[in-house]
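Engineer: Sequence:
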Amino acid sequence: MTLVDGQWNGPILDNHFHLDRVGRYLDAAADFQRVGGTDLVLVHKPDFDNLPNNVEGVRKAYEDTVAMAEQVRLECDLRVRVVLGPHPASWVHQCASLGVEKSNELHLQAVELAIEFCEENLAVGVGEVGRPHWDVGDEVLDQADEILIEVLSMCKRANVPAQLHLDANGEKTNREIAKICDHVGFPRFGAIHHHADADISKNFTHGLTSSVVVGRDSIKDISDTIWQNEGGFLMETDYMDDPRRPGAVLGPKTVPRRSQALATSLIGRGLDAEAVLSAIHIDLPEALYGEYE
Numbered sequence: 022m023t024l025v026d027g028q029w030n031g032p033i034l035d036n037h038f039h040l041d042r043v044g045r046y047l048d049a050a051a052d053f054q055r056v057g058g059t060d061l062v063l064v065h066k067p068d069f070d071n072l073p074n075n076v077e078g079v080r081k082a083y084e085d086t087v088a089m090a091e092q093v094r095l096e097c098d099l100r101v102r103v104v105l106g107p108h109p110a111s112w113v114h115q116c117a118s119l120g121v122e123k124s125n126e127l128h129l130q131a132v133e134l135a136i137e138f139c140e141e142n143l144a145v146g147v148g149e150v151g152r153p154h155w156d157v158g159d160e161v162l163d164q165a166d167e168i169l170i171e172v173l174s175m176c177k178r179a180n181v182p183a184q185l186h187l188d189a190n191g192e193k194t195n196r197e198i199a200k201i202c203d204h205v206g207f208p209r210f211g212a213i214h215h216h217a218d219a220d221i222s223k224n225f226t227h228g229l230t231s232s233v234v235v236g237r238d239s240i241k242d243i244s245d246t247i248w249q250n251e252g253g254f255l256m257e258t259d260y261m262d263d264p265r266r267p268g269a270v271l272g273p274k275t276v277p278r279r280s281q282a283l284a285t286s287l288i289g290r291g292l293d294a295e296a297v298l299s300a301i302h303i304d305l306p307e308a309l310y311g312e313y314e
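Residues 22 to 314 in the working numbering are what the sequence shown spells out, letter by letter.
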């Protein structure tokens, strides 16, 4: 039994977590572990002040993320999966600094390199890739979607999931991305919508896997829509480990605490909290990323 007296005692996974050597780094991971966290999905965090302008620079940056993951495993007693990829904001910035053609080329080379790391069992997925999250105008958004089509085609061929960084237009965004997935034959299930809304109903998600950023009001929204969910969902903080924004987006302790709050909410509604928490923290991560090695 992983649910005892209403308390979840099983694994707890934060599906989107950044670390930075100039931030809290190991202390942040230790905070997560101390409140019951067991598993992190460490997502590559670009250095926007010093973006690599060639694929060897990208490789070095990826290798550092992989090295951080190993140090967290050793020193914080956590299971850490790694997701690597070029951030869409990097692409936008480098369109200005390198030119559109060079930025496009480097972006796709970075995806190909991330896939190579997956094939070497150093990473489990590509991300965060997708769209800029701010208003960039229709022309730039269309260009981002053209690149995303190629990125998802590459992920399909490699049979790896993708964590998607997207604009915050709710159901409309999900519908548009689902259409792109179908266009390239990439399974919607493998398109993980990072920083997703807490409405997990199938009519809202359109079959994408929601990685819900579990803010203060998220538990009620999840509980209200879970009966309409298909395919499951994940929980995340999108912790940035940025000294300029302490605790943003949500602090390292949030997912363990929200997991307990969700268990309480589901029990209060007469739902099977153990099955739901098992799906979030065990079954769905294994279905997406494979069993932890």
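Heads up, a few of these hints could be off.
Label-pair distances were calculated between CB atoms; the ranges are [what the hints assert, rightly or not]:
1. GLY206 - ASP263: 33 to 43 Å
2. ASP41 - HIS114: 36 to 46 Å
3. GLU312 - GLU96: 15 to 25 Å
4. ASN30 - LYS200: 35 to 45 Å
5. GLU126 - ARG237: 39 to 49 Å
6. ASN71 - LYS241: 36 to 46 Å
7. ASN74 - ASP26: 52 to 62 Å
8. ASP70 - ASP26: 46 to 56 Å
9. GLU137 - GLN28: 18 to 28 Å
10. LEU47 - ASP163: 17 to 27 Å
I should point out that these hints are in silico values taken from the structure, not numbers from a laboratory. Built from N, CA and C at the ideal position, the CB exists for glycine as well.
Engineer: All the hints need checking, so say for each whether the structure fits it.
Structural biologist: Outcome of the hint check:
The hinted range of 33 to 43 Å is satisfied by GLY206 and ASP263, whose Cβ atoms lie roughly 37 Å apart. Checked against the hint of 36 to 46 Å, the pair ASP41 and HIS114 fails, with Cβ atoms roughly 18 Å apart. Distance hint for GLU312 and GLU96: a CB-CB separation of about 23 Å, consistent with the stated range 15 to 25 Å. For the pair ASN30 and LYS200, the beta carbons lie near 41 Å from each other, so the given range of 35 to 45 Å is met.
One distance hint, 39 to 49 Å for the beta-carbon pair GLU126 and ARG237, holds here, with the actual separation near 42 Å. For ASN71 paired with LYS241, a C-beta distance near 41 Å keeps the hint of 36 to 46 Å intact. In this structure, ASN74 and ASP26 meet the distance hint of 52 to 62 Å, their C-beta atoms being roughly 56 Å apart. Evaluation of the 46 to 56 Å hint for ASP70 and ASP26 yields a pass: the beta carbon distance comes to about 49 Å.
For GLU137 paired with GLN28, a C-beta distance near 42 Å fails the hint of 18 to 28 Å. In this structure the supplied range 17 to 27 Å is violated for LEU47 paired with ASP163, their Cβ-Cβ distance being about 42 Å.
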